[in-house]
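Peer 1: Sequence:
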Amino acid sequence: EADFAKEIAWLTSIQQATVAAAVAQEAQVQADFARGQAYLESINQATAAAAAARDAEAISGLQRGAAYLNSINQATVAAQNARNAEIAAAADKEIAYLNSVNPSLVPAAQKDLDNEKAWMASIDARTLASAADRDAKAQSGADRGLAYLNWINERTVAAQQARDAAGASGFERGFAYLKEIHKKLGIN
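Take 1 as the starting number for the sequence shown in the working numbering and just add one per residue.
Just so you know, the hints here were simulated from the structure itself, not pulled from any lab data.
A couple of the hints might just be wrong.
Claimed, not checked - Think about it this way: if two alpha-carbon atoms lie no more than 25 Å apart in a straight line, the pair counts; the simulated SDA-like pairs of lysine to any residue are: (1) K117 / I95; (2) K137 / S122; (3) K93 / Q74; (4) K117 / P103; (5) K179 / A34; (6) K117 / A96; (7) K179 / Q74; (8) K137 / Q74; (9) K117 / D133.
To be verified - Per label pair, the in silico range of CB-to-CB distance: (10) A121 / G61: 16 to 22 Å; (11) R126 / A88: 15 to 21 Å; (12) R54 / A85: 30 to 36 Å; (13) A50 / A121: 47 to 53 Å.
Think of the CB as a built atom: it goes at the ideal place given N, C-alpha and C, for glycine as much as any other residue.
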């Protein structure tokens, strides 16, 4: 009977030690999972911050580029207007001079002036069309750049979500495995 009592005590001590080890093991797993989640979250936050900074820099670059294009266009238009005004003033002087010297020469001079104005207008139109085309190409490039950034961001988020899901799934499988072991050992 004394030996039986010792055997029971020994088995009880083993069971208690097993339970204590299982509880400690579960606590360790929970702690490891919490640290893993915190680490993943820190990676996610750092990635999001980097993406936001990159997007802000890209948008700032686009804005600077657009401002630069606008300044070029404004300078081009201003130069055209100044040149056209100068030509018109010179033509007015020429017509006035011809009127004072020989009015019969005015019609031919006026025709030449009209041709000159039409030629200048065609240059202006081509210049403005070229500027508009350049702006459109720049905007198209900017749109493609932003679309590419958005695509990168979407893939990054998708990868983060997949990684988080895999981590959670792995934890759940591991925890289920521990529970199964405990069940076989008769531990609740």
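Peer 1: Hint numbers the structure violates, sorted upward?
Peer 2: Of the numbered hints, 3, 7, 10 and 12 do not hold.
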